[in-house]
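From first to last, the protein sequence lines stand for chains D and B.
The opening residue of the first sequence carries number 1 in our numbering; numbering runs sequentially from there.
The opening residue of the second sequence carries number 1 in our numbering; numbering runs sequentially from there.
No lab work stands behind these hints: they were computed from the structure.
One should not assume that every hint holds.
[As the list claims (entries may be wrong)] Each computed DSBU-like pair below joins lysine-lysine, with the alpha-carbon atoms no more than 35 Å apart:
hint : chain 1 : residue 1 : chain 2 : residue 2
1    : B       : Lys186    : D       : Lys90
2    : B       : Lys186    : B       : Lys202
3    : B       : Lys202    : D       : Lys90
4    : B       : Lys202    : B       : Lys192
5    : D       : Lys90     : B       : Lys192
[Claimed, not checked] One side of the interface only, derived from the structure: several residues of chain B facing chain D at Cβ under 7 Å:
hint : residue
6    : Leu11
7    : Ala13
8    : Pro29
9    : Ile30
10   : Ala32
11   : Leu103
12   : Thr105
13   : Ser145
14   : Met148
15   : Leu156
16   : Val159
[Claimed, not checked] Stretch-level coverage of chain B by chain D, calculated; a stretch enters the list once three of its residues show a Cβ under 8 Å from a Cβ in chain D:
hint : stretch
17   : 34-44
18   : 53-62
19   : 135-141
20   : 181-187
21   : 192-205
We treat Cβ as the ideally placed atom computed from N, Cα and C, and that holds for glycine.
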Amino acid sequence: MQIEVGDYLALASIVFGIGAIGFLVRRNVLVQLMSIELMLNSVNLMLIAFNRYMPANHAGQLFAFFVIAVAAAEAAVGLAIVISLYRLRKTVHSDRADSLRH
Amino acid sequence: MTAAAEGVFFLCAVLAVLSALGTVSLHSPIRAAMSLLTHILALSGLFLVLHAQLLAALQVLVYAGAVVVLFVFVIMMIGPAVPEPPVHRGFLIKVLSVGVMLLVTTVLMMSVLPVTLPTLSLGPCAPGAGAECAQFGGVAAFAQSLFMDALVPFELISVLLTVAIVGAIAVARGRTSEEAQVAEQKRNAADKALEERTLREKAMAAEVSAHGGH
Chain D
1 MQIEVGDYLA
11 LASIVFGIGA
21 IGFLVRRNVL
31 VQLMSIELML
41 NSVNLMLIAF
51 NRYMPANHAG
61 QLFAFFVIAV
71 AAAEAAVGLA
81 IVISLYRLRK
91 TVHSDRADSL
101 RH
Chain B
1 MTAAAEGVFF
11 LCAVLAVLSA
21 LGTVSLHSPI
31 RAAMSLLTHI
41 LALSGLFLVL
51 HAQLLAALQV
61 LVYAGAVVVL
71 FVFVIMMIGP
81 AVPEPPVHRG
91 FLIKVLSVGV
101 MLLVTTVLMM
111 SVLPVTLPTL
121 SLGPCAPGAG
131 AECAQFGGVA
141 AFAQSLFMDA
151 LVPFELISVL
161 LTVAIVGAIA
171 VARGRTSEEA
181 QVAEQKRNAA
191 DKALEERTLR
201 EKAMAAEVSA
211 HGGH
């Protein structure tokens with residue numbers, strides 16, 4: 001069986017869906033951040049798979065490189081916010097992060 | 001595409017999906033983080049099959065080496081969080097969101113699965129493929145593209161990372177007790193000054209109206 005680009009795209013879609021469901025269903029902020037990482041990673045896989053089939057330049061790989069850098073920054077800031085939330089509320093439950101309600 | 005590359009693809013694909021499921025479904029955050037680590041390693045295997053050697057290395061260095069370690073640090077720092085009572089408040093929303101996302105994912109998957117592109121050999125280069133195939137995704141070729149085509153975004157990314165580090169420290173640091181005391185004193189002094197000023201203004205207004213009365 002020949003592996004086509006569609007297989008990579010399908011795999012990336014499945015992982016993206018798992019990440020999205022995890023983000024929507026879980027209420028632990030840490031796991032929600034991990035779900036965001038899953039989604040970003042699946043997009044990286046898609047970009048790199050497309051780039052392999054169009055090897056005239058490295059556009060897809062460059063894009064994935066920048067996505068990795070932004071994801072690292074996002075994880076750092078997100079975890080800092082989690083620590084701040086834990087100081088304030090003694091919890092990592094996103095339903096309890098409701099200071100701005102009302 | 002050699003059989004070995006196909007084997008790596010299937011192994012890594014199955015591992016990636018299973019560990020992604022583990023990441024979102026495991027109850028303990030530390031197990032979820034370990035599952036995320038497995039997912040990242042599986043993805044870097046897939047990147048290798050796709051001739052993105054540098055990105056496979058970066059994936060392991062940045063994600064497994066930095067992001068997952070950061071997650072583990074935070075989980076260790078927070079400790080075993082107080083178990084929350086199970087809420088059934090958002091049950092309908094949860095069922096709805098899972099249903100919609102399953103639908104979207106299935107449709108997306110079915111629509112991209114038959115996609116084919118004019119293919120070249122995935123996996124190892126054919127014997128007569130030439131130097132270009134061998135260099136694709138390597139450090140030299142990738143760096144050439146990075147610094148020729150994307151120099152400005154590259155520099156901007158370094159600014160972004162610096163800002164993110166400063167912001168993360170500023171948000172996560174919190175106040176020491178002495179700093180909190182100093183801030184409290186400042187706030188009290190400001191409150192006092194404001195109170196005095198309003199009193200003075202009231203007195204002045206009363207004086208003015210008393211004059212006006214004459």
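Status of each hint after checking the structure:
no.: 1; hint: B:Lys186 - D:Lys90; verdict: holds (27 Å)
no.: 2; hint: B:Lys186 - B:Lys202; verdict: holds (24 Å)
no.: 3; hint: B:Lys202 - D:Lys90; verdict: violated (45 Å)
no.: 4; hint: B:Lys202 - B:Lys192; verdict: holds (15 Å)
no.: 5; hint: D:Lys90 - B:Lys192; verdict: holds (33 Å)
no.: 6; hint: Leu11; verdict: violated (12 Å)
no.: 7; hint: Ala13; verdict: holds (5 Å)
no.: 8; hint: Pro29; verdict: holds (5 Å)
no.: 9; hint: Ile30; verdict: violated (9 Å)
no.: 10; hint: Ala32; verdict: holds (5 Å)
no.: 11; hint: Leu103; verdict: violated (10 Å)
no.: 12; hint: Thr105; verdict: holds (3 Å)
no.: 13; hint: Ser145; verdict: holds (4 Å)
no.: 14; hint: Met148; verdict: violated (10 Å)
no.: 15; hint: Leu156; verdict: violated (9 Å)
no.: 16; hint: Val159; verdict: violated (11 Å)
no.: 17; hint: 34-44; verdict: holds (count 4)
no.: 18; hint: 53-62; verdict: holds (count 5)
no.: 19; hint: 135-141; verdict: holds (count 3)
no.: 20; hint: 181-187; verdict: violated (count 0)
no.: 21; hint: 192-205; verdict: violated (count 0)
Of the hints listed earlier, those the structure fails to meet are numbers 3, 6, 9, 11, 14, 15, 16, 20, 21, in rising order.
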